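Turn these sequences into a full structure, and let the hints guide you.
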Amino acid sequence: MLRAAIEPSSRASLQEASGIADRKHFRKRYLDPLVGAGWLEMRIPEKPTSPQRRYRTTEAGKVVLS
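When we follow this note's numbering, the leftmost residue of the sequence shown carries the number 1, and every step to the right adds one.
Warning: the hint list may mix true and false statements.
What the hints assert, rightly or not - Simulated restraints, written as ranges between beta carbons of each label pair:
no.: 1; residue 1: Asp22; residue 2: Pro51; range: 27 to 33 Å
no.: 2; residue 1: Ile6; residue 2: Pro33; range: 15 to 21 Å
no.: 3; residue 1: Gly38; residue 2: Ser13; range: 29 to 35 Å
no.: 4; residue 1: Pro48; residue 2: Ala17; range: 28 to 34 Å
no.: 5; residue 1: Glu59; residue 2: Lys24; range: 28 to 34 Å
no.: 6; residue 1: Glu59; residue 2: Asp22; range: 18 to 24 Å
no.: 7; residue 1: Lys24; residue 2: Ser50; range: 14 to 20 Å
no.: 8; residue 1: Arg11; residue 2: Val64; range: 15 to 21 Å
no.: 9; residue 1: Arg23; residue 2: Ile44; range: 26 to 32 Å
no.: 10; residue 1: Lys62; residue 2: Asp32; range: 18 to 24 Å
no.: 11; residue 1: Ala21; residue 2: Glu59; range: 29 to 35 Å
Unchecked claim - Taking lysine to any residue and the SDA-like style, the derived pairs with C-alpha atoms no more than 20 Å apart in a straight line are:
no.: 12; residue 1: Lys47; residue 2: Ser66
no.: 13; residue 1: Lys62; residue 2: Tyr30
no.: 14; residue 1: Lys62; residue 2: Glu7
no.: 15; residue 1: Lys24; residue 2: Thr49
no.: 16; residue 1: Lys24; residue 2: Pro45
no.: 17; residue 1: Lys28; residue 2: Met42
no.: 18; residue 1: Lys47; residue 2: Pro8
no.: 19; residue 1: Lys24; residue 2: Glu59
no.: 20; residue 1: Lys47; residue 2: Arg3
no.: 21; residue 1: Lys62; residue 2: Ala17
no.: 22; residue 1: Lys28; residue 2: Ala4
no.: 23; residue 1: Lys28; residue 2: Ile44
no.: 24; residue 1: Lys24; residue 2: Lys62
no.: 25; residue 1: Lys47; residue 2: Ala17
Just so you know, these hints were derived from the structure itself, not from any lab.
Being a predicted model, the structure only gives us computed values, none of them experimental.
Yeah, the Cβ is synthetic: ideal placement off N, Cα and C, and Gly gets one too.
Next up, the structure:
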């Protein structure tokens, strides 16, 4: 998922790339922990329901990939 988010990506596109069908499970099990670890960052974090929200791999996440 970190590779898929090198370019800013929506939750739906990251979820599709991971092959996980359940949105709630994907967010709780995968997305939230990566954001919490500082490996992914949210664009527009103050608006959790914004259709413009995107996720991007941070510099720390890129280090993990290498």
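Hint by hint, here is what the structure shows:
no.: 1; hint: Asp22 to Pro51: 27 to 33 Å; result: 20 Å, violated
no.: 2; hint: Ile6 to Pro33: 15 to 21 Å; result: 19 Å, holds
no.: 3; hint: Gly38 to Ser13: 29 to 35 Å; result: 21 Å, violated
no.: 4; hint: Pro48 to Ala17: 28 to 34 Å; result: 21 Å, violated
no.: 5; hint: Glu59 to Lys24: 28 to 34 Å; result: 29 Å, holds
no.: 6; hint: Glu59 to Asp22: 18 to 24 Å; result: 30 Å, violated
no.: 7; hint: Lys24 to Ser50: 14 to 20 Å; result: 18 Å, holds
no.: 8; hint: Arg11 to Val64: 15 to 21 Å; result: 20 Å, holds
no.: 9; hint: Arg23 to Ile44: 26 to 32 Å; result: 18 Å, violated
no.: 10; hint: Lys62 to Asp32: 18 to 24 Å; result: 20 Å, holds
no.: 11; hint: Ala21 to Glu59: 29 to 35 Å; result: 31 Å, holds
no.: 12; hint: Lys47 to Ser66; result: 31 Å, violated
no.: 13; hint: Lys62 to Tyr30; result: 17 Å, holds
no.: 14; hint: Lys62 to Glu7; result: 12 Å, holds
no.: 15; hint: Lys24 to Thr49; result: 14 Å, holds
no.: 16; hint: Lys24 to Pro45; result: 18 Å, holds
no.: 17; hint: Lys28 to Met42; result: 15 Å, holds
no.: 18; hint: Lys47 to Pro8; result: 16 Å, holds
no.: 19; hint: Lys24 to Glu59; result: 26 Å, violated
no.: 20; hint: Lys47 to Arg3; result: 24 Å, violated
no.: 21; hint: Lys62 to Ala17; result: 18 Å, holds
no.: 22; hint: Lys28 to Ala4; result: 18 Å, holds
no.: 23; hint: Lys28 to Ile44; result: 19 Å, holds
no.: 24; hint: Lys24 to Lys62; result: 25 Å, violated
no.: 25; hint: Lys47 to Ala17; result: 24 Å, violated
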